[in-house]
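K.L.:
Sequence order for the protein chains is L and E.
Going by the UniProt record's numbering, the first residue of the first sequence is number 1, and it counts up by one from there.
Going by the UniProt record's numbering, the first residue of the second sequence is number 1, and it counts up by one from there.
Identical chains share a label here; the pair holds if one copy fits it or two copies do between them.
Calculated lysine-lysine pairs in the PhoX-like style (CA-CA distance at most 25 Å, straight line): (1) 49 - 290; (2) 271 - 236; (3) 271 - 165; (4) 165 - 413; (5) 9 - 119; (6) 290 - 331; (7) 114 - 331; (8) 375 - 413; (9) 331 - 103.
Derived from the structure by calculation, the hints contain no laboratory data.
Protein chains: 2
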Amino acid sequence: MPSPASPLKVAVLGFGTVGSSVARILVDRQPQGLVLTHIYNRNIARKKKDWVPSTVCWTEDIETILSSDADVIVELMGGLDPVAGWVERALASGKSVVTANKKLIATQGIALEKLARSKGAHLLYGAAVAGGIPVIPGLQQGLAGDQVLRIEGILNGTCNFILSKMEQGAEYADVLKEAQELGYAEADPTEDVDGFDARAKLVILSRLALRADLDPSEIPCRSIRAVSAIDFAYAKELDCTIRQISRAEIRGEDLASGDVLASVGPMLVPKASPLAWSHGTENTVLVGGKYGGDVVFSGHGAGGHPTAVAVVSDLISMAHGSRAVDLPSRKTALGGEFLLRHSIRFVVDDRPGIIAEIAQALAVEGINIHAIFQKPGFETSNLPFVVTVEPCTSSCLRRALDRIETMSCLLEKPFALQILEPEG
Amino acid sequence: MPSPASPLKVAVLGFGTVGSSVARILVDRQPQGLVLTHIYNRNIARKKKDWVPSTVCWTEDIETILSSDADVIVELMGGLDPVAGWVERALASGKSVVTANKKLIATQGIALEKLARSKGAHLLYGAAVAGGIPVIPGLQQGLAGDQVLRIEGILNGTCNFILSKMEQGAEYADVLKEAQELGYAEADPTEDVDGFDARAKLVILSRLALRADLDPSEIPCRSIRAVSAIDFAYAKELDCTIRQISRAEIRGEDLASGDVLASVGPMLVPKASPLAWSHGTENTVLVGGKYGGDVVFSGHGAGGHPTAVAVVSDLISMAHGSRAVDLPSRKTALGGEFLLRHSIRFVVDDRPGIIAEIAQALAVEGINIHAIFQKPGFETSNLPFVVTVEPCTSSCLRRALDRIETMSCLLEKPFALQILEPEG
Ligand SMILES: NC(=O)c1ccc[n+]([C@@H]2O[C@H](COP(=O)([O-])OP(=O)(O)OC[C@H]3O[C@@H](n4cnc5c(N)ncnc54)[C@H](OP(=O)(O)O)[C@@H]3O)[C@@H](O)[C@H]2O)c1
Ligand SMILES: NC(=O)c1ccc[n+]([C@@H]2O[C@H](COP(=O)([O-])OP(=O)(O)OC[C@H]3O[C@@H](n4cnc5c(N)ncnc54)[C@H](OP(=O)(O)O)[C@@H]3O)[C@@H](O)[C@H]2O)c1
Numbered sequence: 001m002p003s004p005a006s007p008l009k010v011a012v013l014g015f016g017t018v019g020s021s022v023a024r025i026l027v028d029r030q031p032q033g034l035v036l037t038h039i040y041n042r043n044i045a046r047k048k049k050d051w052v053p054s055t056v057c058w059t060e061d062i063e064t065i066l067s068s069d070a071d072v073i074v075e076l077m078g079g080l081d082p083v084a085g086w087v088e089r090a091l092a093s094g095k096s097v098v099t100a101n102k103k104l105i106a107t108q109g110i111a112l113e114k115l116a117r118s119k120g121a122h123l124l125y126g127a128a129v130a131g132g133i134p135v136i137p138g139l140q141q142g143l144a145g146d147q148v149l150r151i152e153g154i155l156n157g158t159c160n161f162i163l164s165k166m167e168q169g170a171e172y173a174d175v176l177k178e179a180q181e182l183g184y185a186e187a188d189p190t191e192d193v194d195g196f197d198a199r200a201k202l203v204i205l206s207r208l209a210l211r212a213d214l215d216p217s218e219i220p221c222r223s224i225r226a227v228s229a230i231d232f233a234y235a236k237e238l239d240c241t242i243r244q245i246s247r248a249e250i251r252g253e254d255l256a257s258g259d260v261l262a263s264v265g266p267m268l269v270p271k272a273s274p275l276a277w278s279h280g281t282e283n284t285v286l287v288g289g290k291y292g293g294d295v296v297f298s299g300h301g302a303g304g305h306p307t308a309v310a311v312v313s314d315l316i317s318m319a320h321g322s323r324a325v326d327l328p329s330r331k332t333a334l335g336g337e338f339l340l341r342h343s344i345r346f347v348v349d350d351r352p353g354i355i356a357e358i359a360q361a362l363a364v365e366g367i368n369i370h371a372i373f374q375k376p377g378f379e380t381s382n383l384p385f386v387v388t389v390e391p392c393t394s395s396c397l398r399r400a401l402d403r404i405e406t407m408s409c410l411l412e413k414p415f416a417l418q419i420l421e422p423e424g
Numbered sequence: 001m002p003s004p005a006s007p008l009k010v011a012v013l014g015f016g017t018v019g020s021s022v023a024r025i026l027v028d029r030q031p032q033g034l035v036l037t038h039i040y041n042r043n044i045a046r047k048k049k050d051w052v053p054s055t056v057c058w059t060e061d062i063e064t065i066l067s068s069d070a071d072v073i074v075e076l077m078g079g080l081d082p083v084a085g086w087v088e089r090a091l092a093s094g095k096s097v098v099t100a101n102k103k104l105i106a107t108q109g110i111a112l113e114k115l116a117r118s119k120g121a122h123l124l125y126g127a128a129v130a131g132g133i134p135v136i137p138g139l140q141q142g143l144a145g146d147q148v149l150r151i152e153g154i155l156n157g158t159c160n161f162i163l164s165k166m167e168q169g170a171e172y173a174d175v176l177k178e179a180q181e182l183g184y185a186e187a188d189p190t191e192d193v194d195g196f197d198a199r200a201k202l203v204i205l206s207r208l209a210l211r212a213d214l215d216p217s218e219i220p221c222r223s224i225r226a227v228s229a230i231d232f233a234y235a236k237e238l239d240c241t242i243r244q245i246s247r248a249e250i251r252g253e254d255l256a257s258g259d260v261l262a263s264v265g266p267m268l269v270p271k272a273s274p275l276a277w278s279h280g281t282e283n284t285v286l287v288g289g290k291y292g293g294d295v296v297f298s299g300h301g302a303g304g305h306p307t308a309v310a311v312v313s314d315l316i317s318m319a320h321g322s323r324a325v326d327l328p329s330r331k332t333a334l335g336g337e338f339l340l341r342h343s344i345r346f347v348v349d350d351r352p353g354i355i356a357e358i359a360q361a362l363a364v365e366g367i368n369i370h371a372i373f374q375k376p377g378f379e380t381s382n383l384p385f386v387v388t389v390e391p392c393t394s395s396c397l398r399r400a401l402d403r404i405e406t407m408s409c410l411l412e413k414p415f416a417l418q419i420l421e422p423e424g
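So here's chain L without its partners, still in its complex pose:
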């Protein structure tokens, strides 16, 4: 039980979307054992709000925070510089840290946790993956007894917003613009649409669930930029939709010797999969365990308030003396590529023999065609069609497509999507 006599003093760093929501919940709900004492931001004057109690110290001087008597630093600025150095200094001085910063945790989490432990401080980051959905506490506290064999997730709300809008018929460029206007996507959407944001989250989940420390730069990312409305039309024929899926999986049941496979990118997802059900900016995470089977978490993965809930929950845990369960993990190199069915969209100026030529190029790599889909209503001079192929690796398919790309009848680069297989 937190002692009302000496509540934990909380300093919030970064008074933006999440930081101001955290302050708001602390002020509105006044959770037992916690008191907001400091708010730091650059150019602080413009940030002040009248709902914040007058006892709170507003500052734009980080030294005021680091040398204060605050017990916990809540880092909600984002990015690595200058944040990493400040977090390190805070932990080194024995202050605990709560952060929503996936980049920081994905790249330096292990070292920072070690530092925290050595100083008797705590580092919690429940908000770093899937915002308000308690996946991290779920893994640390509720599924630690299982042996997790795979994770599949929709970890980026921006991509999910774009793709679930495209599912209703819109084109990528239009939805991206809408997402930017709504504040769901940055002016430069690279981090989101090219998969880097999701990859950092996948690294964090792999560590907690698979106990595998992966190097983010090793995990292949495919962009959603090339997905077009026609791909959704063909996905429907396959009883699928398209989602950005982040996945990591142990091959073989023994973690010590089992290979880990991981990737991030758009995939065809069967409509019957829970990963097909999230809409808008929602996130979904599926955790497949050896003993407990599949567990699915879903909800609002982003947004100021949902993310702030995860931050405040971490603070409450700390105030109650609960500690992150420190699960052992080990440096793990990726052990190869997923073997998956793919669908490949071609757009051609139609002439006899095209399918034979494509089939031949695929056959050279040992790839078998499964089916061919061609929707009616297109000009033969600009004809999209889709070929599905039996399981193969992406790089094997890439080699075949490199050869196919030289065919003069091709009007666009062929676009391949992996197909997410239902388990069992």
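Chain E with the ligands: place on chain L using the hints.
P.N.:
Then chain E with the ligands, alone, in the frame of chain L:
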């Protein structure tokens, strides 16, 4: 970090479905900081297994356990007697307890937690609700920062198995028999189908999520026994299915003054709701928060292995020095009834004027008919049809139906189902 030098000594009480799975995971995975030392059961000789290390003490004498040096008692016998007394004695002597016993926690959890605290011991029960799905750690650790306004759940795997099979056309009695043969239902299915098992779980969730201590006996339960195949046919017309739903909700946003409503029973659930998606023995829990919005958890709510995962996860948390976040709750009386749309199935020997008479009886209670559905292909002498009505309370509807039941043309008691409204 658990110390390998002095791991927690674990005594398992009850070597049945869950108890043997817990022992199996402890033996197979050897989680850091935990060692299985004792197994208790009546008539223990027949229970012995050769995969259990020879260092483990098998006993049928509870005093051997209670006077042993075991640090944690894992109670997996079930029921209240003699378990409650033994758990109390264990806690009183400073031993911690992990249990999957929802009955024990629903009725005596608060007192036992208090006892544990006073002795510096811990009581964890992550497996008591939704087995392998980390709803309890999710609420305690991940959503504590939110103000939860409602919970809706599929908390009983047996009912979900029966109803999701009936969705495919089977009749109640046949599916119940199948469930009994598969070991999913007891010879006496009362606890499950009449809602008492789910009610105990709802009481536990209400305490953790709504911070409301409800008296189980106050929560109205409706049985699923009266649901028939024809109800699913009509549900489909309403774009719904039927599930046993346990729900509790705060009316008004202020917990201190807000009323709590709660009930357990079969409901019409819109196909678009995540609560319509679980099949077989799966459980699903939806937690609606003021700040974080809706979070959904789903997975295997029962079965030896999934439940054992939750038990072992609690043990691992304990070994790592993590503590249950002890959220304040207060004794709360139910504040009335849900105001809900209903669908009512009538079976009549058809004659003119029946609808007028029913409408009149409903009108006396101020209940308006919304729509009337009648599927073709039935004899007029044994005609089922369904009437949907505008929002009303169950007891108001009950009064109207009591009057309607006296109509001579009625061949069966009318059967009413509440309709779960999507939020917003
Ligand atoms: N928003 C979400 O939905 C969400 C979800 C999950 C996790 N997160 C994570 O939460 C963190 C915060 O995100 P956010 O959306 O709240 O970002 P934000 O709205 O941009 O807020 C960041 C705040 O930090 C301040 N700041 C940034 N760099 C600074 C610097 N070098 N010195 C001083 N102040 C600085 C900013 O000040 P200015 O106003 O001057 O720029 C701003 O007030 C990030 O790590 C993000 O990845 C966000
Ligand atoms: N099974 C599930 O899916 C599940 C899911 C969630 C929670 N739970 C909970 O977990 C607990 C255990 O369930 P279970 O399915 O494992 O039950 P179970 O298979 O019936 O196992 C209970 C074990 O305890 C022993 N036992 C019962 N009463 C005893 C007594 N008075 N003295 C000595 N030994 C006694 C039984 O011995 P005998 O063999 O002699 O009867 C049996 O070995 C219950 O609280 C249940 O509600 C179960």
